[in-house]
Amino acid sequence: MKHMVYKFNNIKTILFFTLFSVGTQVSFATWDNKISQFVNDIVNVNPQEGSVYVSEILDSSQNRIYLPFSNRIHEVLSSSLIKSGISVTNKYFDANLVLAISYTKSFKGLSLYGSVMNSEGKNISSGSMFLKSEALPSNWQNRSLRDISYEIAGKFDEQLAGQRVNAVISGLTGGKSNSDEFISDFTVAMNQYMVEDLNNLPSIIVKDKSNINQQVNRLKGRFRVGGNKVNLNYKLSKSDGTVIATASTEFTMSTSIPQGMSMYPSNKNIVKDTFDNIDPNEGGISVAAWVNHESAVYRDGDRLEISIRPDVDAYIRVFYVTVDGTICQIKPISEKDLGFLSAGDIHVIGGKADNELEELIITNETIGQETIKIFASLTPIEERFLPIKRVEGVDYACMDDDYKSLKIGMAKALQKRRNIYPVNEIKILVK
Amino acid sequence: MNSITAQLSKSIVLIMSLILMAGCQANKTTAIQLNEATLLDKPFPQQNEKQFIYNFDKHKVAVSEDIEDEGEAVKKAAQKAVAELKIKALRQTANEINSILVSPLSGKELDLRIKKAASINADFVDEFKLLEQETDSTQMLFTTTRPKNVILTGYFKINRAALKSFIVDTVKTVTTSVSEKDVLSVSVPTSTKNTFIASFNNVTKRVPDDAVNHEATRTKLVNELKLKAINEAADEVNHALSQPMDFDEFNRAITKANKNFSDYISEWKLTNQVVDQKNTYLGTTESVRLSGWFAVDKTKLRRALVDGRAITTVAKYRTYVEAFWNVEDKDVNPEVMSVVIGNIEDQFSQSGYEVVEFERIKGDLVELLNKEEVSGIYSSNELERFNANLELRNIDSKFENGKRVLAEYADLLIGVTINSMEVSNRMMKVRLTVDATLFENGEWMKLASTDHTGSIPYVRGDTEGLIAIAKRVALSAAADLEKKARKQISLRKTKESIKLDEEREFTLVFNTLDSSSFSALRKTVKSGSDWAYKGADPKNKIIRLGYRGQIDGLSDAVEGFLSGSSLKLGDPEFSIGRNRIIFGKE
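Sequence order for the protein chains is A and B. Using the numbering used here, the first residue of the first sequence is number 1340, and each one after it goes up by one. Using the numbering used here, the first residue of the second sequence is number 758, and each one after it goes up by one.
The set of hints was computed from the structure by calculation and includes no laboratory data. Don't take each hint at face value.
[To be verified] Using 25 Å as the maximum straight-line C-alpha spacing, the simulated SDA-like pairs for lysine to any residue come out as follows:
#1 B/1228 - A/1456
#2 B/1228 - A/1541
#3 B/865 - B/841
#4 A/1430 - B/1184
#5 B/983 - B/1048
#6 B/1087 - A/1555
#7 B/837 - B/885
#8 B/1016 - B/989
#9 A/1461 - B/1219
[Said to hold, decoys possible] Restraint ranges, calculated between C-beta atoms of paired labels, are given here:
#10 B/1060 - A/1426: 51 to 59 Å
#11 B/1018 - A/1462: 37 to 45 Å
#12 A/1632 - B/1184: 36 to 44 Å
#13 B/1184 - A/1427: 15 to 23 Å
#14 A/1632 - B/1099: 38 to 46 Å
#15 A/1567 - B/1184: 52 to 60 Å
#16 B/1184 - A/1426: 51 to 59 Å
#17 A/1539 - B/989: 55 to 63 Å
From the three backbone atoms N, C-alpha and C, an ideal C-beta is built for every residue, glycine too.
Take these sequences, add in the hints, and give me the full structure.
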């Protein structure tokens, strides 16, 4: 009996050593080692035979998301080949072999698919591997707003490759519902990133808003919040509304939105009553409008200049909807003035050359989203129908009623039964 | 214990036996008597100009243990030693001889000949003497051991002249059938504008071993030289024309010309013809050696090459590259388009075509159009300017009677259409079609077209890769099209027997004439002999003429021809590089 116990203990010792050694091997096979092994398995080339071109590592799923972690995979792949004595080139035509890697991402981890082609495009070898999420760095799924903007810009470039198109960034708006048109720190940041990323691409030339005309395309973005997810859609269209290209993605707020960055303006509840959901491309009188800050962000003491340029001779009225919902007419300022502007002429409200209005200076008494609404008609818009009150000595006429009353008054002035919408509007963010 | 003692005793006995044997040994060298008198001829003889002396001293060769008879074994060893020494003697002599030759033999060849010389029973050795002959047998106490080596000392006297004549082949030259006059007139004439002289000097051809005589070889060599002369002349003709050449057709035309050589070779002379007989140790070979020259008529040969479609004279074709962006609702990247146009222009230019640069004619085109239509041409916006230029380039579609306008500037139109430039499956794909249209007899005739596609992995924002693939596709398409177009052009030339001094079609415009005057003029011009009447357009008062020469020559010729008539034509106006003359421009 004693003898048997002794033998049994021996078996346990062997088993322990076996398990220990396997455990050690697993802990050493890090994700980058696994990728190195994977690439060495599929790239079977004599180092003297030439060089390998490693193509960009892209998401092969329908979403085609950009994962910054793919750059690290690219680095590991390239350095692994170099360590094996294989020369790596970044020039496709210099390469004898092309290594194409794509991935799909899931909650469980990352699947990699690789194929090796010769210079004639013939597939030589291929393979796939799966990296468990636990084996990957904790931040492997993270995407910052910068990355999201990079992805959207890339999706446009892919559709516009070989072309060179002009575009004006109309900006990003959105909210929880389809009709929401909020702007916020988030939209301002995205606008800035988009301009930077698009400017790095040869396919799109970003123009500032003053260049907007019939030949220039518009890039407009919309976001929609659903729980912790944000859906982002961008559309590039011609001045007549023809869609040239679209790009969309989805991201998680908790991982992509920096702490402290707001998705909505502070006056969210007030501003929601002024949404019109207008599309300046959709028929009607075309009036280009832009402000002197390309970012549309204003701070205390900033001067606001609003430029408007109708494409046809038109009677124009411009209203300013402040943070607290107060609406004031800032063009024309005189009761006698019918607001006529000639086609192509640029009129700057609040500009130094503006003889009518002294100036528009932003204060930080209240902060949030403000809107400039531009109404236009081929016939005069009679002021007597509008709910505005003139106060002597003040340049502009404001109203006590809400935005809805203004639109009703506008319908009366134009003798229309249907709703009247502005031909254009500009949203600014006061911080 | 007992057994160990017994083993030790055996060992002691063995050691003692060995000591005893050693004490009884004594070394001894035994002199042996062969046929030579010993030591009398010492010292060794000296080298001289006739003989190479190879000395050997105490040369040792092992005596075989396999041969039972000791005397026989010693004899065999001695024979082996002498054979080795003989080869060494011959080798040293041969090396010395080879070192002074004008054309020394290679190491391998020399080695072969030395072995051969050693094996044959030739008389290269004047004298062989053994001064000492020994074996190294050992004298034991009561007996002499079998010798292990034979040791020889002596020398060889090698006949230098005999060995040299064996190593170096001798050549005997036989001069055959050359007249004294021919030998004297060795000076070769020089090439002229119309005659190409191909000269050759001492060209040899081996007479086959089974040939009865060398006559057939000589004839064959003369034929080869004749073909070479025609080839060289054709090369020069082609070089002078600087035109693209179809190698297959070229070789075919040359072969044809060679068959009818009397048409092209106006004169030829052999200045030297000999038969070299080469005597070697393997036998005698014969070679025919010729010198002389051929005079080739370049004018006749050029005509034969052009008629045979070996050379296509394309330089006369003013070529205009027109580009289209055939992708609806997409704006072209100007850089890509410029690269495509530029590379196609370069390809045709390098192939010998006169490429009409757009910039040269742009001013004229702008003048033809309403300024408002071309406002983009002057835009400060690069993209707008490019697009306006691109549109203007499309003369055919931009202008009413575009093809006719185009004919004023070009004879050959290359249309480039970019059909697609897009990313598909992460690959950037470019597809373009190029076609060639020739203006001939007042009409634009489609010559050829080709479609090419290329792809490259799509890399975000990578214009360099896009341009590289666009360039590759453009070049491959242009090369393919050029080949097809040239073939078509050469076929047309054959049909129409176009003269080599390159006739071109010119348009004469007589704006100031009324219908009846124009009709009278047309009849008069039709009878002119300096040009070929090609047709007329009475509505636009245009007459088309084929003329060999420059536009100013035609203008003068027409003016001179019509000077006697009562028609008031007005002064002719034209510009070089175009083929339109306007008489009486308002």
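So, going through the hints one by one against the coordinates:
1. Of the pairs offered as hints, the one joining residue 1228 of chain B and residue 1456 of chain A holds, with about 22 Å between alpha carbons and a cut-off of 25 Å not exceeded.
2. For a cut-off of 25 Å, the pair hint linking residue 1228 of chain B to residue 1541 of chain A stands: about 18 Å separates their Cα positions.
3. Using a Cα cut-off of 25 Å, the hinted pair residue 865 of chain B and residue 841 of chain B holds, with the two alpha carbons roughly 19 Å apart.
4. Between residue 1430 of chain A and residue 1184 of chain B, the direct Cα distance comes to roughly 15 Å. Compliance with the 25 Å bound is thereby established for this hinted pair.
5. For a cut-off of 25 Å, the pair hint linking residue 983 of chain B to residue 1048 of chain B stands: about 12 Å separates their Cα positions.
6. The suggested pairing of residue 1087 of chain B with residue 1555 of chain A holds, with an alpha-carbon distance near 13 Å, which does not exceed 25 Å.
7. Using a Cα cut-off of 25 Å, the hinted pair residue 837 of chain B and residue 885 of chain B holds, with the two alpha carbons roughly 15 Å apart.
8. Of the pairs offered as hints, the one joining residue 1016 of chain B and residue 989 of chain B holds, with about 16 Å between alpha carbons and a cut-off of 25 Å not exceeded.
9. Restraint check for residue 1461 of chain A and residue 1219 of chain B: satisfied, since their Cα atoms lie roughly 23 Å apart, inside the 25 Å limit.
10. In this structure, residue 1060 of chain B and residue 1426 of chain A meet the distance hint of 51 to 59 Å, their C-beta atoms being roughly 55 Å apart.
11. Checking the proposed 37 to 45 Å range against residue 1018 of chain B and residue 1462 of chain A shows it is violated: the Cβ atoms sit about 56 Å from each other.
12. In this structure the supplied range 36 to 44 Å holds for residue 1632 of chain A paired with residue 1184 of chain B, their Cβ-Cβ distance being about 42 Å.
13. Taking 15 to 23 Å as the suggested C-beta distance range, the pair residue 1184 of chain B and residue 1427 of chain A conforms, at roughly 20 Å.
14. About 43 Å separates the C-beta atoms of residue 1632 of chain A and residue 1099 of chain B, a value consistent with the hinted range of 38 to 46 Å.
15. As the Cβ distance of residue 1567 of chain A to residue 1184 of chain B is approximately 36 Å, the hint placing it in 52 to 60 Å is violated.
16. The supplied range of 51 to 59 Å is broken by residue 1184 of chain B and residue 1426 of chain A, whose beta-carbon atoms lie about 23 Å from each other.
17. Range check, residue 1539 of chain A to residue 989 of chain B: Cβ separation about 59 Å, and the 55 to 63 Å hint holds.
Of the hints listed earlier, those the structure fails to meet are numbers 11, 15 and 16, in rising order.
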